[in-house]
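All chains should be built: construct the whole structure from the sequences, respecting the hints.
To convert, take the position in the sequence shown, counting from 1, and add 106; that gives my numbering.
One should not assume that every hint holds.
Ranges between beta-carbon positions, derived for each pair [as the list claims (entries may be wrong)]: (1) K119 <-> Q223: 18 to 24 Å; (2) H129 <-> Q316: 24 to 30 Å; (3) K219 <-> Q116: 34 to 40 Å; (4) P254 <-> F342: 44 to 50 Å.
It should be emphasised that the hints constitute simulated quantities derived from the structure, not laboratory data.
Values in this document were obtained by computation on a predicted structure and should not be read as measured data.
The beta-carbon is built from N, C-alpha and C at its ideal position, and this holds for glycine as well.
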Amino acid sequence: MFETLIQKLQEDKYLTLETTPQHEPSMHNIIERIKKFKLHEKVDGFSCTDNPLAKLKYNALFASLKLQQEFNKPVIATMSMRDRNKIALQSDLMGANDFDVRAILALTGDPAKMSDQPHAKGVFEANSLMLLKIIKSFNYGMDFAGRPFKIEPKQIFPFAVVNSYAKNFSTLERKMNQKIQNGAIGIISQPVFDIENAKKLLESFNIAKQDVEGDKQKAQLIFGLFPVTKLRTALFLSAQVPGIHVPQFWIDALENAHNISEEEEHKVGLQLSSDLFKEINKLHPKIHLMTANRFDIANEIIS
Numbered sequence: 107m108f109e110t111l112i113q114k115l116q117e118d119k120y121l122t123l124e125t126t127p128q129h130e131p132s133m134h135n136i137i138e139r140i141k142k143f144k145l146h147e148k149v150d151g152f153s154c155t156d157n158p159l160a161k162l163k164y165n166a167l168f169a170s171l172k173l174q175q176e177f178n179k180p181v182i183a184t185m186s187m188r189d190r191n192k193i194a195l196q197s198d199l200m201g202a203n204d205f206d207v208r209a210i211l212a213l214t215g216d217p218a219k220m221s222d223q224p225h226a227k228g229v230f231e232a233n234s235l236m237l238l239k240i241i242k243s244f245n246y247g248m249d250f251a252g253r254p255f256k257i258e259p260k261q262i263f264p265f266a267v268v269n270s271y272a273k274n275f276s277t278l279e280r281k282m283n284q285k286i287q288n289g290a291i292g293i294i295s296q297p298v299f300d301i302e303n304a305k306k307l308l309e310s311f312n313i314a315k316q317d318v319e320g321d322k323q324k325a326q327l328i329f330g331l332f333p334v335t336k337l338r339t340a341l342f343l344s345a346q347v348p349g350i351h352v353p354q355f356w357i358d359a360l361e362n363a364h365n366i367s368e369e370e371e372h373k374v375g376l377q378l379s380s381d382l383f384k385e386i387n388k389l390h391p392k393i394h395l396m397t398a399n400r401f402d403i404a405n406e407i408i409s
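Below, the structure written as structure tokens:
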């Protein structure tokens, strides 16, 4: 299952779909909506987020297990450094390994002050590089303290993230290089909204790989794509989310459409997103689609 996903990432077209477990003790609604649009037949795998914005949701590891069992598709489970120290991270990895949840997206995590749980404290023993190093240790048959396991874990496939835009792209190159050197086989970008931004980021990724050796050269950049169908979403992302650049022509087009009707706004945003999806597939067909569980929009983009 995972070997096929990684082979597609390294040698073929690759498409994964993000799911966000909800504030409820069930994945039933998400599973049913995926089935409704037959998305499991249209993507190579899924991902599950881990309490984004530090807000309480269904656990990402259990959600990943549920999706894998339901669809027989590989799922990338997100693990955040915000909520776990090195002991908890390793414990979770061991348990997940036994249930074949073995693709892990290493995140530092959103700050705890954003939480909907009063006075929640972030752990943040380190950033996501620590988790990549822990996974590397597991893949060599030992824990992070160097003690060998009596039963070696099955191979774990680590993923990481990177901002999609920076005033100085050399900072992104340095961060990507560190993540590749620590074993990340796929680096998922924050959403891109402009093919020129995508080209620049891909160029920076290739620079980041120049001094890596062996299998690390197989690491791939995966473009995050977040369809925007509302002007207010584009304005929020542009003004409030670091590491994302929404070009002015997107905002102008959505603003003009917004002044006509809500339906026109949706139509224009969907067209911009669909066009970008096609352009990226021509440039570098490795895409991670993020729709905040709007699986109807995911279906329209993919179809």
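Verification of the hints:
{"no.": "1", "hint": "K119 <-> Q223: 18 to 24 Å", "in the structure": "violated (40 Å)"}
{"no.": "2", "hint": "H129 <-> Q316: 24 to 30 Å", "in the structure": "violated (44 Å)"}
{"no.": "3", "hint": "K219 <-> Q116: 34 to 40 Å", "in the structure": "holds (39 Å)"}
{"no.": "4", "hint": "P254 <-> F342: 44 to 50 Å", "in the structure": "holds (49 Å)"}
Consistency note: the structure conflicts with the earlier hints numbered 1 and 2.
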